[in-house]
Amino acid sequence: MSAAAFGQQGISARRMHRGIVAWLGAIVAPVAVACATLATLDIPSQRVRATCLIVGAGATLLIGWLATRRLLVTLDTVSDLLGALREGDFAFRASARRAIDPLHGLITNVNLLGEDLREGRRKRTETSRSLGKTLIALQDPVFVVDDANRLRLVNPAGRRLIGAERTSVVGRDLATLDLGDALNAPDNAVIAGRFSGGRGKWAVRRTIWYSEGREHRLIMLRDLSVALADEERRAWQRLIRVLSHELNNSLAPIASLAGSLSTLIGPTVGGGNDEMRLGLEVIGRRADSLARFLAGYGKLARLPPLRVAAFRLDLCLGRLAMLETRMRVVVTGTSEVIVHGDEDQLTQAFINLLRNAVEASLPVGGGVRLGWTADERFVHVTIEDDGVGLPDSDTLFVPFFTTKPGGSGIGLSLVRLIVESHAGAVDLSSRREARGARAVVRLPRESCR
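Just so you know, our numbering puts 264 at position 264 of the sequence shown, and the rest follows in order with no gaps.
Incorrect hints may appear among the rest.
Unchecked claim - Under the rule of at most 25 Å between Cα atoms (straight-line distance), these lysine to any residue pairs were calculated in the SDA-like manner:
| # | residue 1 | residue 2 |
| --- | --- | --- |
| 1 | K133 | A203 |
| 2 | K201 | T176 |
| 3 | K123 | T207 |
| 4 | K201 | P156 |
Unchecked claim - Pairwise CB distance ranges, derived in the manner of DEER restraints:
| # | residue 1 | residue 2 | range |
| --- | --- | --- | --- |
| 5 | D140 | G88 | 31 to 37 Å |
| 6 | E336 | G132 | 48 to 54 Å |
| 7 | V440 | Q139 | 33 to 39 Å |
| 8 | D116 | G200 | 27 to 33 Å |
| 9 | S250 | R205 | 17 to 23 Å |
Quick caveat, the hints were computed from the structure, so don't treat them as lab data. Note that CB positions come from ideal geometry on N, CA and C, so glycine has one too.
Model the full structure from these sequences, guided by the hints.
As structure tokens, then:
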């Protein structure tokens with residue numbers, strides 16, 4: 001409350017006090033004067049004088065009783081007004097015209113107080129609704145935690161992150177939620193987290209928010225995985241373009257000179273020419289092999305633009321399983337799934353994953369299973385094998401990295417590039433319940449970036 005408003009209320013209170021005193025004086029004073037006059041008059045009859053005094057006293061009591069009753073009614077009205085305000089009923093009003101004049105201003109001020117409180121509640125409600133709509137629209141997970149470390153508000157993105165889209169989590173203690181150290185990290189911290197609805201690196205933003213006089217923590221998590229993956233992919237593409245350009249410029253003359261020298265030597269037999277010719281042929285073959293190797297990596301640097309269209313992903317996966325001739329791929333998916341994306345590029349990605357699964361299972365006589373599930377937003381394609389599993393490494397998707405003899409390290413890098421260009425994600429892990437590995441590809445159903 002401002003100093004001016006406080007001073008104005010003090011002036012109103014003094015005016016009301018003086019008004020009550022003046023009002024009581026206006027009622028009692030005439031009767032008191034009349035009684036005093038009768039007492040001083042020379043009335044011969046004591047009975048008449050006593051009668052006059054009794055009548056005057058009775059009139060005084062009657063007037064005082066009526067005035068007190070009216071005052072109590074007014075005070076009861078004020079009490080009812082204050083009780084309604086305390087209960088949150090800000091629409092309750094009282095008529096100030098029926099109150100005695102000194103209390104007229106009191107009722108008016110209480111009515112104005114109720115109006116101010118109702119307007120304040122309306123503004124708070126509008127602010128809360130606006131905040132709720134904003135949180136729902138945000139794609140980043142947002143959590144509001146009270147001073148008792150209980151969750152008070154969470155947006156749909158936050159529910160998806162902790163796997164609570166269909167369960168109530170508001171009011172639960174943070175220790176019971178799948179949030180790890182995310183809510184205790186300092187502002188602007190970057191954390192690596194694995195949650196029920198996703199994993200990756202997250203930037204933590206936090207601030208203090210007050211609601212109903214209590215302190216709350218508002219915490220937002222921003223997924224940095226996509227941005228970091230994009231930057232990493234661009235860096236590898238730049239590196240591959242530079243290496244391809246420089247090496248191709250050197251390989252072409254090497255292969256050409258090796259061929260020319262081999263021709264000059266001729267098909268003579270004996271002496272040292274045979275060894276020289278064989279050496280030149282090896283140089284030529286290795287140069288050609290390295291050129292093909294670089295051409296394969298050129299796909300990573302020059303992936304064509306997406307040609308997005310709706311297609312039946314289930315039919316595409318079924319055809320890929322039938323084309324595998326080295327072993328039978330068990331198809332466990334049965335539902336019809338339509339996605340929007342580049343069918344050719346996605347087909348290539350799933351070919352690479354199926355090839356890896358089959359090549360991992362063949363040496364140990366295992367099998368391969370291909371399945372898919374879909375919800376309203378995403379399709380999850382799962383490929384499982386019975387091989388030896390995956391190494392505990394963060395470099396599975398790094399170009400040039402391979403665990404297979406004679407491998408190029410292109411396949412998985414190309415898979416991730418294609419899937420992420422469709423706003424999807426790919427996860428590779430060793431199976432916990434049995435031997436082998438599992439690849440899970442998540443794709444949006446409606447659109448891709």
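Hints, verified against the model:
At roughly 23 Å between alpha-carbon atoms, K133 and A203 fall within 25 Å of each other, so this suggested pair holds. With a CA separation close to 22 Å, the supplied pair K201 and T176 stays within the 25 Å bound. Distance check on the hinted pair: K123 and T207 sit about 22 Å apart at the alpha-carbon level, within 25 Å; holds. With a C-alpha separation of about 20 Å, the suggested pairing of K201 with P156 holds against the 25 Å cut-off.
Here the CB-CB span from D140 to G88 is close to 35 Å, well matched to the stated 31 to 37 Å. The hinted window of 48 to 54 Å between E336 and G132 is violated, with their beta carbons roughly 36 Å apart. The beta-carbon spacing between V440 and Q139, approximately 22 Å, falls outside the hinted interval of 33 to 39 Å. For the pair D116 and G200, the supplied restraint of 27 to 33 Å is violated, since their beta-carbon distance comes to about 49 Å.
Our hint of 17 to 23 Å for S250 and R205 is violated, since their Cβ atoms are close to 49 Å apart.
Hints 6, 7, 8 and 9 from the earlier list are contradicted by this structure; the remaining hints agree with it.
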